[in-house]
Amino acid sequence: GAVVSQHPSWVICKSGTSVKIECRSLDFQATTMFWYRQFPKQSLMLMATSNEGSKATYEQGVEKDKFLINHASLTLSTLTVTSAHPEDSSFYICSSGLAGGRAKNIQYFGAGTRLSVL
Amino acid sequence: RKEVEQDPGPFNVPEGATVAFNCTYSNSASQSFFWYRQDCRKEPKLLMSVYSSGNEDGRFTAQLNRASQYISLLIRDSKLSDSATYLCAVTLWEAGTALIFGKGTTLSVSS
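Protein chains in written order, with the working numbering: chain C, 1 to 118; chain Z, 1 to 111.
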């Protein structure tokens, strides 16, 4: 089946640094990649939708200048958390899917990145 | 009102028990429905899609009631390995849209 590779799986960084998270679709072309964030004991919340070759669409309340998304190719989307602060510590996860038809909008998730900002 | 709401947990059951999870969604335009399983500190994994006709996969049965905007998951003969958080998710359109997740319900199966 379709595979999405995400790395790094775990990042610990100092406050004020930037962290880049990569998601690659390994055996399909991902024109759209979704980025979610999950705080402890909370649900996965959509942050933004990454579209290949165009600007990402951000959900209300998500700062686009803080969470930079780049989707320069059909197999790679990146999320950069700029000037990270402790409140950005969370589980970040991407997903993409084979839309329509038999796949019925099945989403394939990366393994997630656990970010801890000290 | 949240878009997808689930039973509050946790559910603590003995092995062999039958347990049911419920989920309601607020947007009648929702098109696709899923149950995901998430283990601690891991990504969610698709358990099953949910259809109006209902579907069954081994010990797991999912039902969708569009009129009531309600989704259910039944687990029969619970195993220790079923311990996880179960997430209900919907999408608004047939294809190309993000999943909207419920908060999840934690199941703990004990021997």
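Hints were generated in silico from the structure; no laboratory data involved. One or more of the hints may lead you astray.
Said to hold, decoys possible - Under 8 Å between C-beta atoms, here's a sample of chain C residues computed to sit facing chain Z: (1) F34; (2) L44; (3) A111; (4) G112; (5) L115; (6) S116.
Beta carbons: idealized from backbone N, C-alpha and C, even for Gly.
Structure-based check of all given hints:
Annotation: interface hint on F34 of chain C holds; nearest CB of chain Z at approximately 5 Å, less than 8 Å. The restraint placing L44 of chain C at the interface with chain Z holds, with a minimum CB-CB distance near 5 Å, inside the 8 Å limit. For A111 of chain C, the shortest C-beta to C-beta distance to chain Z is roughly 5 Å, which falls under 8 Å, so the interface hint holds. Hint on G112 of chain C holds. Least Cβ distance to chain Z is approximately 5 Å, under the 8 Å limit.
A hinted interface residue such as L115 of chain C counts as satisfied when its beta carbon comes closer than 8 Å to some beta carbon of chain Z; here the least separation is about 12 Å, so the hint is violated. Interface hint status for S116 of chain C: violated, as the beta-carbon distance to the closest one in chain Z is roughly 12 Å, over 8 Å.
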